[in-house]
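*Asks:* Sequence:
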Amino acid sequence: MAADKAEELVKMKLRTKLSYYVSPLWLKIIMVLIILLLVGGSNIHA
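Residues 1264 to 1309, numbered by my numbering, are exactly what the sequence shown covers, in order.
Note that these hints are calculated values from the structure, not bench results.
Keep in mind that the hints are not guaranteed to be accurate.
Heads up, simulated DSSO-like pairs for lysine-lysine below, C-alpha to C-alpha not over 30 Å straight-line [said to hold, decoys possible]:
#, residue 1, residue 2
1, K1268, K1280
2, K1268, K1291
3, K1274, K1291
4, K1280, K1291
Okay, the calculated beta carbon distance ranges per label pair [claimed, not checked]:
#, residue 1, residue 2, range
5, G1303, R1278, 31 to 37 Å
6, S1305, L1281, 45 to 51 Å
7, M1275, N1306, 44 to 50 Å
8, A1265, G1303, 52 to 58 Å
9, A1266, K1291, 34 to 40 Å
10, G1303, E1270, 45 to 51 Å
11, I1297, M1275, 28 to 34 Å
Idealized CB from N, CA, C, for every residue including glycine.
Based on the sequences and whatever the hints tell you, model everything.
*Replies:* Here it is in structure tokens:
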């Protein structure tokens, strides 16, 4: 029983660590996409 709970805690910690590392990555990718869209759009208009 205790081992199962310990494993669950470890998995939870791993998930939170992953979310901390992954979310900024996604934010960076989204920012780059937005910048590319803005730059691409301004180039098309010009």
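*Asks:* A separate judgement is required for each hint: does it hold in the structure or not?
*Replies:* Here is what the structure says about each hint:
1. K1268 to K1280: holds (18 Å)
2. K1268 to K1291: This hinted pair is violated, its Cα atoms lying about 35 Å apart.
3. K1274 to K1291: With a Cα-Cα distance of about 26 Å, the restraint between K1274 and K1291 holds, given a limit of 30 Å.
4. K1280 to K1291: holds (17 Å)
5. G1303 to R1278: 31 to 37 Å: Cβ of G1303 to Cβ of R1278: about 36 Å, so the range 31 to 37 Å holds.
6. S1305 to L1281: 45 to 51 Å: violated (36 Å)
7. M1275 to N1306: 44 to 50 Å: holds (46 Å)
8. A1265 to G1303: 52 to 58 Å: Check passed, 56 Å falls within 52 to 58 Å.
9. A1266 to K1291: 34 to 40 Å: holds (38 Å)
10. G1303 to E1270: 45 to 51 Å: With Cβ atoms ~47 Å apart, the hint holds.
11. I1297 to M1275: 28 to 34 Å: holds (32 Å)
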